[in-house]
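J.: Quick note, the sequences are listed as chains P and G, same order.
Just so you know, the first sequence maps onto residues 1 to 295 in the numbering used here.
Just so you know, the second sequence maps onto residues 1 to 295 in the numbering used here.
Honestly, I wouldn't trust all of these hints.
One copy or two, it doesn't matter: identical chains are merged, so the pair holds either way.
Said to hold, decoys possible - Here are the simulated DSBU-like cross-link-like pairs (lysine-lysine), alpha carbons at most 35 Å apart as the crow flies: (1) 165 with 102; (2) 103 with 36; (3) 166 with 36; (4) 257 with 97; (5) 127 with 64; (6) 103 with 202; (7) 166 with 11; (8) 273 with 102; (9) 103 with 279.
Hints were generated in silico from the structure; no laboratory data involved.
Values in this document were obtained by computation on a predicted structure and should not be read as measured data.
Protein chains: 2
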Amino acid sequence: MLFNEYLQNGKKLVEKGIDDYLSELTYPPVIAQGMKYAVLNGGKRLRPILLFMTLDILGSDMEKGLATASAIEMIHSYSLVHDDLPALDNDDYRRGKLTTHKKFGEAQGILIGDALLTHSFYILTQKNNHLPASSIVEIVKLTSDYAGINGMIGGQMVDIESEGKKIDIETLKYMHSHKTGKLLKLPVECACIIASATNKEKETLTKYADLIGLAFQIKDDILDIEGDFESIGKPVGSDLEHDKSTYPSIIGLENSKKLLHETVEEAKNIIIKEFGIEKSSMLIQLAEYIENRNK
Amino acid sequence: MLFNEYLQNGKKLVEKGIDDYLSELTYPPVIAQGMKYAVLNGGKRLRPILLFMTLDILGSDMEKGLATASAIEMIHSYSLVHDDLPALDNDDYRRGKLTTHKKFGEAQGILIGDALLTHSFYILTQKNNHLPASSIVEIVKLTSDYAGINGMIGGQMVDIESEGKKIDIETLKYMHSHKTGKLLKLPVECACIIASATNKEKETLTKYADLIGLAFQIKDDILDIEGDFESIGKPVGSDLEHDKSTYPSIIGLENSKKLLHETVEEAKNIIIKEFGIEKSSMLIQLAEYIENRNK
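Isolated chain P, as found in the complex (with noise of 0.2 Å):
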């Protein structure tokens, strides 16, 4: 399969998957409708395909991962819905729509987002009668992990605090590799209890999951400054607008750029090295779409 085939798979799938949970709820019609316009919002699914591609490269069938890849887009997308509130960014726009709270009013945009953090696990536990009691009980726990204080929203809270202030690379790398990295590697981590796989395979592609993370968010930054309003749906220079620390502020521009090609060459090696070149074929080819994306 071509690589941005698979991709639109992958979305369609999840996306299909993440429709039939939240039609089954219908009230209060707000919380459900703003529910769905939070995640089926025309996102990349880098997560849910993340968790495809880690089970498909382990021999295991995609479908297995259908609940967990939805209540991990539906975490992300919820802390997307939080961040956007007047008391975070303040932001009126994601990818050309208005936001969340924005769509349905502040109240509204908290609640949603706490539903949709709280009915992730109710999908993860509901949903996956597939697994063993005990994969689920660990999956659980991971995801609670990654998105709680010692993960997303400590990443979060440091983004935050770091507003205004020059930071150090670390606090960068910290922020980050919280923010944005741990939600990263919780897919792939999940698709390797889902695949029952070596511990070695779980260590390889952990590592790619954060190399890949890091790279992300560097593109991100890049972006920031290069991209344009209609392919990034948000203000180009919204970083700068709100004086974050980014890594093209901290490192330069073009070691930023330098820094990423290093990154996802690294991620694409260890790969290689451990499952062959054929069978990294889509995560090799994910890496370069996320050095190369435009949006």
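For this one, chain P is given, so just place chain G on it according to the hints.
T.: Just chain G now, with coordinates in the frame of chain P:
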């Protein structure tokens, strides 16, 4: 054991548990401190005590429910943190102390709430090793169901939508049975899972939880009229100020007191019928406590 002694012991036990679990968290400091501030604030710990008493009446060890009781109390606390935000109830005080967002800032308040909710699922899976994996999965499923759109968040949304409107008694019942009721049923049903209750025991105990949940809310509405700031820890008449529908505003103060008493009597009777008067002692006194409390 005397009832008051039981309340104190249960409160101490769960507060020690929560303190231990949250003391594992240190970074970012504002989130770690904020989580403790929001939970360890002198609450009544009604939900944990309900869980302990249900384990007791089923002949199971209180310690077996410690992680679950702590997690449920953290979910209750997160909901209060988000309820108090400016976009929702905009309350500056709770139990006589500054609300979490007033103490730590609004963005921080949102993230502290998110972190409490997320970490509660970590505790349910990480600290329940003494339970079979299948029981942990059931507990997570129930918790995410009762705390989410079909439970607490659903009720909260209807509450917000009802402000400044005349609502009927059915809508009021829906609102409370979801906003408050589900999280009072949750510890009872979790205790039934932990103690492997029979279906009949579970049915009785769930019905009891429904009834005292209703009683709790009627009493809350009455206290908002008849209580005093020092006891209830928030301004008296704040429901009126927010133009909220309450039992007294819909059926009148005297009828509310009558309904409260009848509800508590029914709760006591069904427990006595199932478990006999001796074993029912604590749950009987808990129902009476809810009727007679002044805070």
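J.: All hints, please: hold or fail.
T.: Cross-check of the supplied hints:
Taking the shortest alpha-carbon separations for residue 165 and residue 102, both the intra-copy value of 28 Å and the inter-copy value of 23 Å come in at or below 35 Å. Within a single copy, residue 103 and residue 36 get their C-alpha atoms as close as 12 Å, and across copies as close as 33 Å, so both meet the 35 Å cut-off. Proximity of residue 166 to residue 36 under the C-alpha cut-off of 35 Å is restricted to the inter-copy arrangement: shortest distance 29 Å between copies versus 38 Å within a copy. Taking CA atoms no more than 35 Å apart as the test, residue 257 paired with residue 97 passes inside one copy only; the shortest distance there is 29 Å, against 50 Å between copies.
In this homomeric assembly, residue 127 and residue 64 come within 35 Å of each other (Cα to Cα) both inside a single copy, at 10 Å, and across copies, at 27 Å. For a Cα distance limit of 35 Å, the shortest separation of residue 103 from residue 202 qualifies neither inside one copy, at 41 Å, nor across copies, at 42 Å. Proximity of residue 166 and residue 11 under a CA criterion of 35 Å is satisfied in neither setting, with 38 Å inside one chain copy and 45 Å between copies. Taking CA atoms no more than 35 Å apart as the test, residue 273 paired with residue 102 passes in neither setting, with 47 Å inside one copy and 53 Å between copies.
Taking the closest pair of Cα atoms, residue 103 and residue 279 never come within 35 Å of each other, the shortest separation being 44 Å inside a single copy and 53 Å across copies.
The structure is inconsistent with the numbered hints 6, 7, 8 and 9, although it conforms to all the rest.
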